[in-house]
Amino acid sequence: MILGTVYAFLFLVAVFCLVVGVALRVIRYSRTPVPLVIPTTPAPTTTRGVVALMFREVVLFESLFKGSKWTWLFGWLFHFGLVVALLRHLRYFTEPVWQWVEVIQWVGLYGGGVMLFGLLGLWARRFLVDRVRYISAPSDHLMLALLVAIAGSGFAIKYGVHTDIVALKAFTRGLLVFDWQPLPAEPLLLIHLTLVIFLMVIFPFSKLLHAPGVFFSPTRTMKDTPREKRHSAPWADEINRSTLR
Amino acid sequence: MAKHEFSIPVVKSTLEIPPIQPGAMAHSSPFVAKAEHQQPLGFPGELVDNWKSVAIDKMEELLGKYRALPVFLDSCVKCGACTDKCHYYLGTGDPKNMPVARQDLLRGVYRRYFTVAGKYFPKLVGAVELTEEVIDDWYRYYHQCSECRRCSVYCPFGIDTAEITMAGREILASIGVGQKYANEIIGKVHKIGNNLGLPGPAFINTLEGLEEEVEEEINVPVKFPLDQVGADVLLVTPSADFFAEPHVDGLIGYAKVFHQAGISWTLSSYASEAANFGIFIGNYENMQKVAERIRQAAIDLGVKRIVVGECGHAWRVAYSFWNTLIGPFDFLDPAYPTPQHICELTYDLLQQGQLKLDPAQNDDKVVTFHDSCNVSRGSRMGDTPGGQFTIPRALIRSACSHFVDMAPETTHEHTFCCGGGGGLLTDDLLELRVKGALPRVSALKRVIEEDGVTHMAAICAICKSQFSKVLPEYGMGMDMVVSVHQLIGDALVFESAQ
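Protein chains in written order, with the numbering used here: chain F, 44 to 288; chain C, 25 to 522.
If we strip away everything but chain F, and leave its shape as in the complex, we get (with noise of 0.2 Å):
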């Protein structure tokens, strides 16, 4: 019981983690002004256009596809793993468990083999290409040894040491509701979910902000319209008021 608390604490310390801190980058990214229309050109030039293209840009990494190939493939093969992975997780979370979970439950198994090789294909990269290998800092060898070995830990316990699979979601269940249920002492599962915390923790302060960023990225969400429609920024007004004669 005390380790279902202590984990039910972690959770809850590592969703606060992730929900303030994201919220206070997105925060601080859409206060400060866009002082002049810098979208990379050709661009959309209508609203439409520009969803658009943010659509092509998170759901089929385009500017990436352009390029660079291999790591498109390797990207794209990870974060739809990811994603996959992700959704047959909610089995853990909905009584009864909603039917299309149940569905893709042996599509999710292959998302996470998918996730797994496109982790170590980038990682692969980072040994073999030799300017990728000159921008890795430590924090991006990390990055992939957590996720390749958040990953690993779920295939060891679906196809290695099982896991009790009721207890488990009884706690994740409890969760949900603020109610602390014990949690199965298998040094596996903690593992697992412990690298998982770690993630959420560590979300807001490392370059995962990308996934938030994107979606604030000028040159990508402005549209191609300087000659129809004024932008204007209150600090950049204040220069220009200044020089009228």
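These are calculated hints, taken from the structure and not from any lab test.
Glycine included, C-beta positions come from ideal geometry on N, C-alpha and C.
Be a bit skeptical, because a hint or two may be false.
[Stated by the list, open to error] Derived DSBU-like pairs (lysine-lysine); straight-line CA-CA distance at most 30 Å:
#: 1; chain 1: C; residue 1: Lys58; chain 2: C; residue 2: Lys36
#: 2; chain 1: C; residue 1: Lys58; chain 2: C; residue 2: Lys89
#: 3; chain 1: C; residue 1: Lys247; chain 2: C; residue 2: Lys328
#: 4; chain 1: C; residue 1: Lys247; chain 2: C; residue 2: Lys215
#: 5; chain 1: C; residue 1: Lys36; chain 2: F; residue 2: Lys109
#: 6; chain 1: C; residue 1: Lys82; chain 2: C; residue 2: Lys147
#: 7; chain 1: C; residue 1: Lys215; chain 2: C; residue 2: Lys204
#: 8; chain 1: C; residue 1: Lys469; chain 2: C; residue 2: Lys493
#: 9; chain 1: F; residue 1: Lys201; chain 2: F; residue 2: Lys212
#: 10; chain 1: C; residue 1: Lys212; chain 2: C; residue 2: Lys58
#: 11; chain 1: C; residue 1: Lys36; chain 2: C; residue 2: Lys493
#: 12; chain 1: F; residue 1: Lys266; chain 2: C; residue 2: Lys82
#: 13; chain 1: F; residue 1: Lys272; chain 2: C; residue 2: Lys328
#: 14; chain 1: F; residue 1: Lys109; chain 2: C; residue 2: Lys76
#: 15; chain 1: C; residue 1: Lys204; chain 2: C; residue 2: Lys76
#: 16; chain 1: C; residue 1: Lys204; chain 2: C; residue 2: Lys493
#: 17; chain 1: C; residue 1: Lys89; chain 2: F; residue 2: Lys272
#: 18; chain 1: C; residue 1: Lys469; chain 2: C; residue 2: Lys36
#: 19; chain 1: C; residue 1: Lys328; chain 2: F; residue 2: Lys266
#: 20; chain 1: F; residue 1: Lys266; chain 2: F; residue 2: Lys109
#: 21; chain 1: C; residue 1: Lys204; chain 2: C; residue 2: Lys89
#: 22; chain 1: C; residue 1: Lys469; chain 2: F; residue 2: Lys112
#: 23; chain 1: C; residue 1: Lys36; chain 2: F; residue 2: Lys112
#: 24; chain 1: C; residue 1: Lys58; chain 2: C; residue 2: Lys328
#: 25; chain 1: F; residue 1: Lys266; chain 2: C; residue 2: Lys89
#: 26; chain 1: C; residue 1: Lys76; chain 2: C; residue 2: Lys89
#: 27; chain 1: C; residue 1: Lys82; chain 2: C; residue 2: Lys36
[As the list claims (entries may be wrong)] Partner residues aside, some chain C positions facing chain F, computed with beta carbon under 8 Å:
#: 28; residue: Lys102
#: 29; residue: Met122
#: 30; residue: Ala125
#: 31; residue: Asp128
#: 32; residue: Ala141
#: 33; residue: Lys143
#: 34; residue: Val149
#: 35; residue: Asn347
#: 36; residue: Leu349
#: 37; residue: Gly351
#: 38; residue: Glu437
Could you slot chain C onto chain F? The hints should help.
Same frame as chain F, but now just chain C:
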């Protein structure tokens, strides 16, 4: 040709990505601005005593003024997609010329002073103290970026290193370490009105000379009006168009177009410069002040339209920033876009059948087109995205029978900078300029060999000057470079008014 202390890269018609050679360009650094170049721009004359705290304060100020900075500095995941995209990296192999590494020079300091991870785990996340060595690296490598935005095309988050370079230069200037070339030029514009520092009388002489020259050659009285109050169009063009080759042939081309179309136009001696180096040093105040002269000239001359000549960064500033800097343009004729590019104007006249071109006049040429970086990735022409690519090409095709495009990975938004943009067109950076031109020269070499290309047209004063200087280093003729409006002017058929 004088021998250089550096070797000219071997040009192959397919571009190879070089292995990293740390420190390969660590010796490259432009002359530092003197007090007389710094102070008129509002910067301290020399390195301030408390430079460290001034620099950090400036960084904090910029982080609060430009959303791009915190977003770009936070978001990079070091994926490496940009690492082989910069012409300066491809030409030099210096890893600090990889866009991400160039950003990291600033990002390391940002992390150290403005992020939790960098404050407590600096080694882990690559955060660094702001030291004299860091300042030196900033000065070197923020002057090895031409702010061409090519990296931003391939970044999954749209991180534009140009924005980082501008911030880096702005911080450097604010602690007293500005760049001589750019700051001296901006000072001349503030004082006299153009980059070359040429006063009004010099313009009158030049323009009269051009009128005589053109009339002698084609027997048509093409005028080059200056300060003509009440003209319809104010033409603002880079001052290189008045004096440099091959630029001046472009100016003659504009004048011929205005003449044949019967448009009343004028140049201004007060706003005798389209270029705006304020963008290069990333300083809003100076960029605004330079642009303000044009607004003032347009009002004083009572014109209805403003047209901008062939210049890359000037067109980015004009198209993307003028409305913000010096708008709204409610004193101009709303029937025309403000500003309008000379290529848009000529294109519209051709569409309306008001100009007749005879491509046979250019039959001695096989022409290719160099997309200028600022036009391609920082602006537009016409009504639809990509007009900046189709309109100049349509003009060239109307004026020439033989047109060939270079490899698609080197044109349109993928175009390579000429190697001299972004305030780097100075002889103290000649090695950088020669090496940075390598990617474009490689693509050019291929169309020369495969398609017999004889000329490369450009719509940017910096591109034209840069290529005239560096092409001979690669064994190509400096006269290969032509203005798009030179081709137009040469092909233009003069018909007497119906």
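Evaluated hints:
This hinted pair does not check out: C:Lys58 and C:Lys36 have alpha carbons roughly 41 Å apart, beyond 30 Å. Our distance criterion of 30 Å between C-alpha atoms is met by C:Lys58 and C:Lys89, whose separation comes to about 28 Å. For the given pair, C:Lys247 sits about 19 Å from C:Lys328 by alpha-carbon distance, which is consistent with the 30 Å threshold. With a C-alpha separation of about 28 Å, the suggested pair C:Lys247 and C:Lys215 falls inside the 30 Å cut-off, and the hint holds.
Under the criterion of a C-alpha separation no larger than 30 Å, the hint pairing C:Lys36 with F:Lys109 is consistent with the structure, at around 23 Å. At roughly 24 Å between alpha-carbon atoms, C:Lys82 and C:Lys147 fall within 30 Å of each other, so this suggested pair holds. For the suggested pair C:Lys215 and C:Lys204, the alpha carbons sit about 16 Å apart, so the restraint of at most 30 Å is met. Annotation: proposed proximity of C:Lys469 to C:Lys493 holds, straight-line Cα distance about 16 Å (limit 30 Å).
Restraint check: the Cα-Cα separation between F:Lys201 and F:Lys212 comes to about 15 Å, which is no more than 30 Å; the hinted pair holds. Between C:Lys212 and C:Lys58, the direct Cα distance comes to roughly 14 Å. Compliance with the 30 Å bound is thereby established for this hinted pair. Proximity of C:Lys36 to C:Lys493 is assessed by CA-CA distance (about 20 Å); at most 30 Å being required, the pair is judged to hold. A hinted pair counts as satisfied when its Cα atoms are at most 30 Å apart, and F:Lys266 with C:Lys82 qualifies at roughly 29 Å.
Restraint check: the Cα-Cα separation between F:Lys272 and C:Lys328 comes to about 19 Å, which is no more than 30 Å; the hinted pair holds. This hinted pair does not check out: F:Lys109 and C:Lys76 have alpha carbons roughly 39 Å apart, beyond 30 Å. Under the criterion of a C-alpha separation no larger than 30 Å, the hint pairing C:Lys204 with C:Lys76 is consistent with the structure, at around 21 Å. A threshold of 30 Å between alpha carbons decides the hint, and for C:Lys204 with C:Lys493 the separation of about 20 Å falls inside it, so the pair holds.
Using a Cα cut-off of 30 Å, the hinted pair C:Lys89 and F:Lys272 holds, with the two alpha carbons roughly 21 Å apart. Using a Cα cut-off of 30 Å, the hinted pair C:Lys469 and C:Lys36 holds, with the two alpha carbons roughly 8 Å apart. At roughly 27 Å between alpha-carbon atoms, C:Lys328 and F:Lys266 fall within 30 Å of each other, so this suggested pair holds. Distance restraint check for F:Lys266 and F:Lys109: the Cα-Cα separation of roughly 21 Å lies within the 30 Å cut-off, and the hinted pair is therefore satisfied.
This hinted pair checks out: C:Lys204 and C:Lys89 have alpha carbons roughly 26 Å apart, not beyond 30 Å. A threshold of 30 Å between alpha carbons decides the hint, and for C:Lys469 with F:Lys112 the separation of about 27 Å falls inside it, so the pair holds. A hinted pair counts as satisfied when its Cα atoms are at most 30 Å apart, and C:Lys36 with F:Lys112 qualifies at roughly 24 Å. The straight-line distance between the Cα atoms of C:Lys58 and C:Lys328 is roughly 41 Å, outside the 30 Å bound, and the hint therefore fails.
Using a Cα cut-off of 30 Å, the hinted pair F:Lys266 and C:Lys89 holds, with the two alpha carbons roughly 20 Å apart. Restraint check for C:Lys76 and C:Lys89: satisfied, since their Cα atoms lie roughly 20 Å apart, inside the 30 Å limit. With a C-alpha separation of about 44 Å, the suggested pair C:Lys82 and C:Lys36 falls outside the 30 Å cut-off, and the hint is violated. Using the Cβ-Cβ criterion of 8 Å, the hint placing C:Lys102 at the interface with chain F is satisfied: the shortest such distance is roughly 5 Å.
Look at C:Met122: its Cβ gets to within about 6 Å of chain F, closer than 8 Å, so that hint holds up. The interface hint given for C:Ala125 holds, since its Cβ lies 6 Å from the closest Cβ of chain F, which is under the 8 Å cut-off. Because the closest C-beta pair between C:Asp128 and chain F is about 7 Å apart, less than 8 Å, the hint holds. Checking C:Ala141 against chain F: minimum C-beta separation of about 5 Å stays under 8 Å; hint holds.
About 10 Å separates the beta-carbon of C:Lys143 from the nearest beta-carbon of chain F, more than 8 Å, and the hint is not met. Below 8 Å, beta-carbon pairs count as interface contacts, and C:Val149 has one with chain F at about 5 Å; its hint therefore holds. For C:Asn347, the interface hint holds, since its Cβ comes within 8 Å of a Cβ in chain F; the closest pair sits about 5 Å apart. Hint status for C:Leu349: holds, given a least beta-carbon distance of 6 Å to chain F, under 8 Å.
A least Cβ separation of about 5 Å between C:Gly351 and chain F falls short of the 8 Å threshold, and the interface hint therefore holds. The beta carbon of C:Glu437 comes within 6 Å of a beta carbon in chain F, closer than 8 Å, and the hint placing it at the interface holds.
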